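Could you put the whole structure together from the sequences, leaning on the hints where they help?
Number of protein chains: 2
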Amino acid sequence: MSVVPSSSEILNHSRNQVQADLLSVLEQQYWPQVLADAVRHAVLLGGKRVRPALCYAACLALGEPVNAAARRAAVAVELIHCYSLVHDDLPCMDDDALRRGQPTCHVQYGEANALLAGDVLQSLAFEVLTGTAFEADQPPTSTNQAQLMLQQVRALAAASSRMVAGQVLDLQAEQQQVDEPSLRNIHLNKTGALIVSAVQMGAVAAGLHLQQPKMQQLELFAQALGLAFQVQDDVLDVTASTETLGKPAGSDEKLQKSTYPSLLGLPAAQQLAADLHQQALDALAEWPEDADALRQIAHFLLSRQS
Amino acid sequence: MSVVPSSSEILNHSRNQVQADLLSVLEQQYWPQVLADAVRHAVLLGGKRVRPALCYAACLALGEPVNAAARRAAVAVELIHCYSLVHDDLPCMDDDALRRGQPTCHVQYGEANALLAGDVLQSLAFEVLTGTAFEADQPPTSTNQAQLMLQQVRALAAASSRMVAGQVLDLQAEQQQVDEPSLRNIHLNKTGALIVSAVQMGAVAAGLHLQQPKMQQLELFAQALGLAFQVQDDVLDVTASTETLGKPAGSDEKLQKSTYPSLLGLPAAQQLAADLHQQALDALAEWPEDADALRQIAHFLLSRQS
Numbered sequence: 001m002s003v004v005p006s007s008s009e010i011l012n013h014s015r016n017q018v019q020a021d022l023l024s025v026l027e028q029q030y031w032p033q034v035l036a037d038a039v040r041h042a043v044l045l046g047g048k049r050v051r052p053a054l055c056y057a058a059c060l061a062l063g064e065p066v067n068a069a070a071r072r073a074a075v076a077v078e079l080i081h082c083y084s085l086v087h088d089d090l091p092c093m094d095d096d097a098l099r100r101g102q103p104t105c106h107v108q109y110g111e112a113n114a115l116l117a118g119d120v121l122q123s124l125a126f127e128v129l130t131g132t133a134f135e136a137d138q139p140p141t142s143t144n145q146a147q148l149m150l151q152q153v154r155a156l157a158a159a160s161s162r163m164v165a166g167q168v169l170d171l172q173a174e175q176q177q178v179d180e181p182s183l184r185n186i187h188l189n190k191t192g193a194l195i196v197s198a199v200q201m202g203a204v205a206a207g208l209h210l211q212q213p214k215m216q217q218l219e220l221f222a223q224a225l226g227l228a229f230q231v232q233d234d235v236l237d238v239t240a241s242t243e244t245l246g247k248p249a250g251s252d253e254k255l256q257k258s259t260y261p262s263l264l265g266l267p268a269a270q271q272l273a274a275d276l277h278q279q280a281l282d283a284l285a286e287w288p289e290d291a292d293a294l295r296q297i298a299h300f301l302l303s304r305q306s
Numbered sequence: 307m308s309v310v311p312s313s314s315e316i317l318n319h320s321r322n323q324v325q326a327d328l329l330s331v332l333e334q335q336y337w338p339q340v341l342a343d344a345v346r347h348a349v350l351l352g353g354k355r356v357r358p359a360l361c362y363a364a365c366l367a368l369g370e371p372v373n374a375a376a377r378r379a380a381v382a383v384e385l386i387h388c389y390s391l392v393h394d395d396l397p398c399m400d401d402d403a404l405r406r407g408q409p410t411c412h413v414q415y416g417e418a419n420a421l422l423a424g425d426v427l428q429s430l431a432f433e434v435l436t437g438t439a440f441e442a443d444q445p446p447t448s449t450n451q452a453q454l455m456l457q458q459v460r461a462l463a464a465a466s467s468r469m470v471a472g473q474v475l476d477l478q479a480e481q482q483q484v485d486e487p488s489l490r491n492i493h494l495n496k497t498g499a500l501i502v503s504a505v506q507m508g509a510v511a512a513g514l515h516l517q518q519p520k521m522q523q524l525e526l527f528a529q530a531l532g533l534a535f536q537v538q539d540d541v542l543d544v545t546a547s548t549e550t551l552g553k554p555a556g557s558d559e560k561l562q563k564s565t566y567p568s569l570l571g572l573p574a575a576q577q578l579a580a581d582l583h584q585q586a587l588d589a590l591a592e593w594p595e596d597a598d599a600l601r602q603i604a605h606f607l608l609s610r611q612s
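As they're listed, the protein sequences go chains V and A.
Quick note: the first sequence, position 267, residue 267 per our numbering, numbers continuous.
Quick note: the second sequence, position 112, residue 418 per our numbering, numbers continuous.
Please keep in mind that the hints were generated in silico from the structure rather than gathered at the bench.
Bear in mind that the values here come from a model prediction, so they are computed numbers and not experimental data.
Beta carbons: idealized from backbone N, C-alpha and C, even for Gly.
Take the hints with a grain of salt, since some may be wrong.
[To be verified] Taking beta-carbon pairs under 8 Å as the criterion, some of the chain V residues facing chain A (in silico):
1. 90
2. 116
3. 130
4. 299
5. 302
[Claimed, not checked] With beta-carbon atoms standing in for the labels, derived distance ranges:
6. 279(V) <-> 488(A): 53 to 59 Å
7. 144(V) <-> 400(A): 42 to 48 Å
8. 539(A) <-> 101(V): 43 to 49 Å
9. 522(A) <-> 257(V): 28 to 34 Å
10. 289(V) <-> 522(A): 51 to 57 Å
11. 318(A) <-> 16(V): 53 to 59 Å
12. 409(A) <-> 288(V): 37 to 43 Å
13. 275(V) <-> 334(A): 30 to 36 Å
14. 29(V) <-> 584(A): 31 to 37 Å
Spelled out as structure tokens, the structure:
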């Protein structure tokens, strides 16, 4: 029996927490039925919930239990992530029919409803972040809480914008060979910014301000982790494909897209993932064991096989 | 020479102010070129700028000059409005090729870039609203300002969500005959909520809190005005069509959509517009002449011929 929770225990616990909170938030919306259905389809069908886990862990890393502000932020960042997936899957973008083994939102509910479900997920994120969810026992918003919420809104809105800029860069890169700095820039924006914001918002929920030096260490951690996650994704895409028979048609075309293995070769890409993992851990070198949940999540993301 | 500015003077002044502020905000973004171009296309090509004008006028109605918080809110609400137009025009929605005599965003920049331009306009709205634009001479955010910004975020995010719900209801109504209460509900959400938020945010910028009785009067004003605007739109659509030769094909089909004239008949719809206008003015009956800009905008919207 271990005292320190394992990475899978941490992620399971986070996933259960955010699933319950997402459900509770969605149940409180007065939406036309088809919008409610499309949103539930987009939000509740699974996912690793990495961003909420990082948000909770950042709050814990500062010695604070996960509070209402961290829970709101975890919901908000996951709503933004889900909106981006719905829009990414649309015919004018990646035109994907399946996600997590289920029909994508537009396949199930039509393009217009999927577009609008994505749109409302974004505004809902900011409603939740600045609302009063999950704090039944607490008094109305104090001025201190207002400062805190405001910093969270700034972090999430900036990340959400950078995510879109990254998607535009990614679309452009499909039509050409890009170099490693360009690929890094795409990922820092497309996926990195939102991952960084999850950690920022969790730390803000614990009382850390955006400009403080400890926040910069957390940001370095999250940025390296986000990149490592992406490099590892690219690596798994290759190693899985060489080991897997019956690869679906179209994967070769996908491989024409610039990836870390295609740019650097597989061994160098694997080394880069390991280096970035180490860089993430180094950023937290001076942090006490309260930061172990963050370290465990990093370990999980880099050792996963799918 | 009149001392009280005319409604067109008020709207021209507001339009110039928000145009300059929008330009300044967009110039500060570090975006891939095509995203910057698509956003500029969506935002800067014109429009009546009714929502910013209402935002400024609500601030003035409380005896406060238009300040940085009102200017940020005016930009933010217009960004949300512009995002909704870009997404509305997409092929899976209204599939419009022209807006204000120009190619729509997706015609000019492709569907994917238009989708993403709309997405980033929404997040940019929340960045601007909680940022430090237009306050070079002011100290960093005070706790009081934080409370204020937070109320503005709540108002805008809630309105943005309601707008999407209204669009879903509107899509559903295209396939059936709806009754007057349903039509009212569509408009209260689809266009009314954002108009109400413009007035709320302008009043919050002047120091009025969301729960205060005077705010409720402003909300009644804005709600009645928003509905009146929509009824007037429907009326003009009919009266213009009967007076205009060479009506483009497809208008008949459009008329199969439920409108106030189609539900109530033209004279009753015209009377409803006038009644709602009066209702809007009645909500401000006790307000001093500081509220004249609000009254003038109401007058302009109801007397317009296009």
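Item to check | Hint validity - residue 116(V) Cβ closer than 8 Å to any chain A Cβ | outcome: holds (5 Å)
Next on the checklist: Quick check on a hinted range of 51 to 57 Å for residue 289(V) and residue 522(A), using CB atoms only.
Outcome noted: For residue 522(A) against residue 289(V), whose Cβ atoms are near 52 Å apart, the range 51 to 57 Å holds.
Next on the checklist: Given a hint of 28 to 34 Å, does the C-beta separation of residue 522(A) and residue 257(V) actually sit inside it?
Outcome noted: violated (54 Å)
Checklist entry - Can the suggested window of 31 to 37 Å be confirmed for the beta-carbon pair residue 29(V) and residue 584(A)? => result holds (34 Å)
Checklist entry - Regarding the hint that residue 90(V) lies at the interface with chain A, is the smallest CB-CB distance below 8 Å? => result holds (7 Å)
Next on the checklist: Quick check on a hinted range of 42 to 48 Å for residue 144(V) and residue 400(A), using CB atoms only.
Outcome noted: Holds, at about 45 Å.
Checklist entry - Range hint 43 to 49 Å: satisfied by the CB atoms of residue 539(A) and residue 101(V)? => result Once the Cβ atoms are compared, 45 Å apart, the range 43 to 49 Å for residue 101(V) and residue 539(A) holds.
Next on the checklist: Hint residue 299(V) vs chain A: min CB-CB distance below 8 Å?
Outcome noted: violated (32 Å)
Next on the checklist: Using the nearest Cβ pair, does residue 302(V) come within less than 8 Å of chain A?
Outcome noted: With a closest approach of 29 Å, the residue 302(V) hint is violated.
Item to check | Cβ separation of residue 279(V) and residue 488(A), checked against the hinted range 53 to 59 Å | outcome: holds (57 Å)
Checklist entry - residue 409(A) and residue 288(V), beta-carbon distance inside 37 to 43 Å? => result violated (58 Å)
Item to check | Status of the hint placing residue 130(V) at chain A (closest C-beta pair under 8 Å) | outcome: holds (5 Å)
Checked against the numbered hints given earlier, this structure breaks hints 4, 5, 9, 12; the rest are met.
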